[in-house]
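Using the hints provided, position chain U relative to the given structure of chain G.
The residues making up each chain are set out below.
Protein chains: 2
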Amino acid sequence: MNSVTEKIKLSADKVDDFLKKYFSKKNTNNDLFEAMSYGLFSGGKKIRTYLTKCAFDIYKIDEYKYIPIAGAIECVHSYSLIHDDLPSMDNDDFRRGKESTHKKFGESTAILAGNSLLTTAFEILSSDEINVDKERKLNLISALSMCAGHKGIAGGQFLDLKFEKKQKNKKEIIDMQQKKTGELMGFCCESAAIVAGVEDDREKLKEVGLNLGLLFQISDDLLDRHGDSDKIGKPTKQDEIKGKATIMSAIGEHQTKKLAQDIQSLIKESLISYGDSAWTLVECANYIFKRDH
Amino acid sequence: MNSVTEKIKLSADKVDDFLKKYFSKKNTNNDLFEAMSYGLFSGGKKIRTYLTKCAFDIYKIDEYKYIPIAGAIECVHSYSLIHDDLPSMDNDDFRRGKESTHKKFGESTAILAGNSLLTTAFEILSSDEINVDKERKLNLISALSMCAGHKGIAGGQFLDLKFEKKQKNKKEIIDMQQKKTGELMGFCCESAAIVAGVEDDREKLKEVGLNLGLLFQISDDLLDRHGDSDKIGKPTKQDEIKGKATIMSAIGEHQTKKLAQDIQSLIKESLISYGDSAWTLVECANYIFKRDH
Chain G
5 MNSVTEKIKL SADKVDDFLK KYFSKKNTNN DLFEAMSYGL FSGGKKIRTY LTKCAFDIYK
65 IDEYKYIPIA GAIECVHSYS LIHDDLPSMD NDDFRRGKES THKKFGESTA ILAGNSLLTT
125 AFEILSSDEI NVDKERKLNL ISALSMCAGH KGIAGGQFLD LKFEKKQKNK KEIIDMQQKK
185 TGELMGFCCE SAAIVAGVED DREKLKEVGL NLGLLFQISD DLLDRHGDSD KIGKPTKQDE
245 IKGKATIMSA IGEHQTKKLA QDIQSLIKES LISYGDSAWT LVECANYIFK RDH
Chain U
5 MNSVTEKIKL SADKVDDFLK KYFSKKNTNN DLFEAMSYGL FSGGKKIRTY LTKCAFDIYK
65 IDEYKYIPIA GAIECVHSYS LIHDDLPSMD NDDFRRGKES THKKFGESTA ILAGNSLLTT
125 AFEILSSDEI NVDKERKLNL ISALSMCAGH KGIAGGQFLD LKFEKKQKNK KEIIDMQQKK
185 TGELMGFCCE SAAIVAGVED DREKLKEVGL NLGLLFQISD DLLDRHGDSD KIGKPTKQDE
245 IKGKATIMSA IGEHQTKKLA QDIQSLIKES LISYGDSAWT LVECANYIFK RDH
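If you read the protein sequences in the order shown, they are chains G and U.
Residue numbers 5 to 297, in my numbering, belong to the letters of the first sequence in order.
Residue numbers 5 to 297, in my numbering, belong to the letters of the second sequence in order.
Chain G with its partners taken away, still in its complex shape (with noise of 0.2 Å):
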């Protein structure tokens, strides 16, 4: 059995493969897409590629049809990661090792590549890549625009600019941090019940991928401040230089490190339902959690 880290760079893998197919077909060559796919193929890991995979397993379908969705997913998310980079939001001149795309391709050009990434994803969703029903279509387009929108991803960005070098409580925190980085991880596990077309466990899943969100940014939180920045590929306790709100800096590293402990027991708890078919659900929410970089 291949380890959950070779698993992921062979979702990716596929995913990078069909969002270049699709590309190409559209015959989308000009020099903005330069700067498009610089964000897209920069060779992040694209663990939410996996993670959409996962929560396919449990209704084992067919894995043609996760592919087109997590590339829509990771068009999304490189969007915000390259908004997120800005010199007017978060200024980082470096993402997993290598210039941000307004350092290599000029700020203005950076937020339109964005915003071009993050309408290919509404492109790719309305298209026949997608190969299930309209209406299970339009559920997947609408779930997509709620969770990256004002009270979603551009919403927790928001919060996040705005929580900067001010002490916030837990609650505020985690609010924003399921805006900033939830909402997407909810889509990919909600997309799975949205294609199954099993209406009544959309809500269940969506809050499992809230919880490995916040999984998600508890291990980037622990790895900023104690981790490798080689293996992690940016500089690290940017957090702490830059006043981040962070839930270690509300409740402290060890009360933070039992609140991931609860919500690991809370994402097995709400997908023992579904025995074996959530087992690489479950060991993907491990991994995210013991992740080194």
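Worth flagging that the hints you see were computed from the coordinates, not collected in a lab.
Fair warning: this is a prediction, and the values are worked out from it, not measured in the lab.
Using N, Cα and C, we set each Cβ at its ideal position, and we do this for glycine too.
The calculated label-pair distances, taken between Cβ atoms and stated as ranges, are:
{"no.": "1", "chain 1": "U", "residue 1": "E244", "chain 2": "G", "residue 2": "D35", "range": "22 to 28 Å"}
{"no.": "2", "chain 1": "G", "residue 1": "D35", "chain 2": "U", "residue 2": "K25", "range": "37 to 43 Å"}
{"no.": "3", "chain 1": "G", "residue 1": "D243", "chain 2": "U", "residue 2": "E67", "range": "48 to 54 Å"}
{"no.": "4", "chain 1": "U", "residue 1": "N173", "chain 2": "G", "residue 2": "K107", "range": "31 to 37 Å"}
{"no.": "5", "chain 1": "G", "residue 1": "S28", "chain 2": "U", "residue 2": "E244", "range": "36 to 42 Å"}
{"no.": "6", "chain 1": "U", "residue 1": "D17", "chain 2": "G", "residue 2": "K235", "range": "53 to 59 Å"}
{"no.": "7", "chain 1": "U", "residue 1": "N173", "chain 2": "G", "residue 2": "K138", "range": "39 to 45 Å"}
Listed below are the simulated SDA-like cross-link pairs for lysine to any residue, each with C-alpha atoms no more than 25 Å apart in a straight line:
{"no.": "8", "chain 1": "U", "residue 1": "K108", "chain 2": "G", "residue 2": "D94"}
{"no.": "9", "chain 1": "G", "residue 1": "K241", "chain 2": "G", "residue 2": "L227"}
{"no.": "10", "chain 1": "G", "residue 1": "K138", "chain 2": "U", "residue 2": "Y68"}
Below, chain U without anything else, positioned relative to chain G:
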């Protein structure tokens, strides 16, 4: 009979009402929404709402069907204006006689407000607000995503910035302007054929909208050169100062006016087969060229 200005105001008010109700149903009242609202309800003419209505008139489609679609279009239009004004783009401190969104709320909030409006457009189009069958709904989403992305609005703005202070020929400038302005007007018209389910008309109406976009841009360029800055709500002579690549800069004012007449004839010719049903759209085309603000 009301004047075109009055009819535009009427459709704009109806679409504003729809958008306000839509957001209030979603319980949207966070700080980011303030910046979105500022961009969306800041008193632009909302000419695209009326253009959409005129296209719907061709098929005598019930009025309530164009309103939410025009709402989505206005979200995309506002997003593009907010981002166009950014310091790294056109760096405009004023829009419609008021501070631009980034001047009032800061750069990061303006970027996120734009992103959120873009996303809201897809949220609306995939929602129950759009009262058409699922296939047509998906066609609307697909068409809008293509006209907003890297081959449409975002791509056009990219070219516009790239062309600055460079001598470009007529073909290059028309391509840029059709992407930047024409594509969304194309969607205004095409959406009527989509909702009517007349697939064969889609390309023709899209083309009419693209030509209307060109006409709109030419009249904008003429207003910038000869217009009254108080009426327009922004300083004039900016194209020359900023070295913008416009059709006028490529072929001169006389040839540009001749081109505008040719485009008007082309639009009328395209619409002739619809007879009287297209008269509001023809009237709208005349208005677009002759407007003084």
